[in-house]
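**Q** Next come the chains, spelled out residue by residue.
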Amino acid sequence: MTIEDKVKINKLPTGVPGLDEIVGGGLPEFSFNIIAGAPGSGKTTLAHQFVFANATPERPALYFTVLGESAIKMLRYQQQYTFFDPSLLPESIRFINLSQVVLEKDLGAVLEEITKEVTKSNPAVVVVDSFRTMVRKPQEGMDLQAFIQRLALFLASWQATTFLIGEYAEEELRDNPIFTVADGLFWMRQITERNSIVRKLQIIKLRGQASVPGLHTFRITNAGVQAFSRTFGLTAGRRNALGLKRLSFGIPEMDKMLDGGVREGDSVLVAGSSGTGKSVLATQFIAEGIRQGESGIVAVFEERPQAYAERAATLGLDLEKPQDEGRLEILYLRPLDLSVDETMHSILSAVQKIGAKRLVIDSLAGFEMALSPGFRADFRESLYRMIFALTGIGVTILSTVEIDESFIEFPFSTYSISFLTDDIIRLRYVSIDGQLRKIMTVIKMRGGNHAKDIREYEITSDGVVILNTRLTDYQGLISGLPVHTDLSSRQKDTLLESEAEKSS
Amino acid sequence: MTISPEMRDLAQRLLAYEADADKSSRPMESVTLRTYEKLRQCLVAFAGEAGFQSIAARALMIAQVEVPSLCAVQVTANGTLQRLDDVEPQTKIDKDQSGYQKSGEDPPSEEGTILIACILGLLLIFLGEALTLSLLRNAWPDTTFDNRNSGDGRKA
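Protein sequence lines correspond, in order, to chains A and B. One point on numbering: in the working numbering, the residue at position 206 of the first sequence is 206, and numbering is uninterrupted. Count along the second sequence from 1, add 504, and you get the number used in the working numbering.
The reader is advised that the hints may include incorrect statements.
In silico DSS-like links for lysine-lysine, alpha-carbon gap of 27 Å or less [unchecked claim]:
#1 A/K120 - B/K542
#2 A/K105 - A/K256
#3 A/K11 - A/K205
#4 A/K205 - A/K8
#5 A/K357 - B/K542
#6 A/K73 - A/K200
#7 A/K256 - A/K116
#8 A/K116 - B/K542
#9 B/K542 - A/K105
#10 A/K11 - A/K353
#11 A/K256 - A/K452
#12 A/K116 - A/K105
To be clear, the hints were calculated from the coordinates, so they are not data collected in a lab.
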């Protein structure tokens with residue numbers, strides 16, 4: 001048997017932004033699926049999105065409502081979502097109430113009723129909502145396992161893709177015949193973290209194709225459910241070969257320190273304390289990219305885009321025009337209670353929309369503060385996933401991070417994220433000759449022969465300007481409290497003399 | 505809830521349509537009952553008997569305020585109407601009134617018009633215009649209904 005002989009399983013669009021990527025391209029046609037979760041977790045909304053995305057007059061969707069939510073109430077609320085198209089009812093989407101059959105008869109009668117309606121309508125999609133209320137009722141006659149098996153067999157044979165919706169607790173996962181028979185099992189969770197709510201979706205099971213494992217964040221807005229894949233939709237993307245191109249900062253001395261510039265597709269971390277010029281450097285990096293025809297994205301958390309552009313203008317950098325021309329986007333991502341994945345989704349969408357080659361995240365501290373408390377624990381992991389995904393498609397990322405200035409140590413980052421970065425540029429204050437001056441050094445450059453120099457710089461109306469002279473007369477510059485070498489040698493001589501006296 | 509002129513007009517059109525339809529097998533029930541029954545069957549299919557019964561009972565209560573003679577009417581557990589015949593006038597229409605003269609059908613009574621209008625009004629409140637008209641098109645597939653918001657220009 002060759003690969004061409006194998007049956008091809010069509011994939012149906014889920015109608016849920018982001019979910020197709022998570023389930024591996026779409027939902028397998030004719031699959032028998034369960035959407036499980038607690039009340040209010042978005043199960044019905046997800047099913048409706050699938051129904052509205054796939055129902056046609058020729059192959060309609062049958063939506064069986066059972067005990068529980070009244071169909072009138074359900075439709076009253078569901079039609080508020082933008083995906084809800086009333087013109088599809090009733091030709092393409094038909095709601096059928098089974099409450100009476102469930103109340104008065106047994107599962108055999110329910111199966112008979114579903115069979116009758118399916119045979120009559122030849123649907124492409126069948127939903128039973130809520131399936132759980134049906135099986136909670138004490139049953140006589142046909143047992144649950146037989147009912148499930150016959151229902152699944154019948155619906156698959158009639159070429160229907162099915163969703164059973166049920167309110168289940170996680171401990172019910174074991175030894176449940178429904179979950180055994182199902183081809184797909186979608187679990188929707190709503191987790192309380194301090195004062196915020198975190199919604200997560202997990203594909204516990206999906207026969208026939210690989211789905212993205214793990215818990216995926218999702219949000220319910222007026223557009224319905226939107227899922228955010230943990231891999232940000234970039235897993236299938238082609239990974240670029242290591243870039244040979246060097247990206248300039250527009251600061252010649254800085255480019256020299258970086259062996260010609262930042263390597264394309266690298267992740268650069270600019271670390272320093274407040275006022276050392278991290279944002280200025282980042283702005284110059286993005287502006288130089290624009291000047292060279294490379295579109296860019298700036299994600300800001302601590303000031304609004306207008307203020308960011310105005311500050312750039314004081315450095316002689318015009319960020320207004322490239323925004324108008326669609327070559328630059330400044331994203332303001334400050335709303336609280338964001339999930340990391342949502343924030344990153346916004347960044348990724350912008351990157352893909354304008355084909356950005358450079359991305360600035362200013363700053364990681366602001367980014368973390370904009371997240372809901374529950375997501376902060378995932379910050380490092382999510383950052384890793386985003387950097388990996390973006391650099392993989394050739395985007396060069398420059399992130400700024402604020403470091404508490406210390407005169408006894410030289411940390412690179414408060415987030416222990418230096419392993420995420422290819423290049424680290426450290427800015428710091430140093431006390432010299434009664435002045436608080438600034439120095440920079442390239443700490444790390446993966447795959448590059450960067451300068452070992454510690455260079456003094458100033459922030460002027462032209463931005464960061466690296467001074468020509470190296471501070472060769474000082475030792476201990478990175479401590480922030482350097483000692484002039486003349487003084488240092490005098491101290492050393494004194495020390496040696498003192499030790500000599502002792503030994504004699 | 506007040507009965508809007510639009511709902512009253514829509515109710516009258518449904519009743520008129522039902523009066524004019526199916527002349528060959530003249531049913532014994534009044535046109536109100538036949539119209540009500542069509543609505544019931546259509547709504548029970550997707551909302552269940554209990555769902556329809558609660559809507560119908562509420563509509564009847566509202567209608568009773570407008571037409572006190574409806575106080576004698578009852579909605580049963582499965583949503584059917586009882587004792588409407590007791591309150592609807594049984595007189596035949598004069599031959600010079602259009603719409604019902606050809607069939608010799610009873611005209612729609614004020615009671616019937618108000619009751620149907622109340623049901624339609626509740627559907628409009630709960631489901632909105634688009635879905636309500638979708639349901640009506642399903643129950644009366646041979647007719648068309650004006651959708652003020654759709655702009656599709658179809659008329660009853």
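**Q** The structure should be examined with respect to each hint, and the outcome stated for every one.
**A** Status of the hints after comparison with the structure:
1. A/K120 - B/K542: Satisfied, since the Cα-Cα distance of roughly 20 Å is no more than 27 Å.
2. A/K105 - A/K256: 82 Å, violated
3. A/K11 - A/K205: Judged against 27 Å, a Cα distance of about 16 Å means the pair holds.
4. A/K205 - A/K8: Holds, at roughly 19 Å.
5. A/K357 - B/K542: 63 Å, violated
6. A/K73 - A/K200: 26 Å, holds
7. A/K256 - A/K116: Violated, because 77 Å separates the two Cα atoms, which is more than 27 Å.
8. A/K116 - B/K542: Given pair A/K116, B/K542 holds - Cα atoms ~21 Å apart, limit 27 Å.
9. B/K542 - A/K105: Roughly 25 Å separates the two Cα atoms, so the pair holds.
10. A/K11 - A/K353: The given pair, whose Cα atoms are some 26 Å apart, holds under the 27 Å limit.
11. A/K256 - A/K452: 11 Å, holds
12. A/K116 - A/K105: 16 Å, holds
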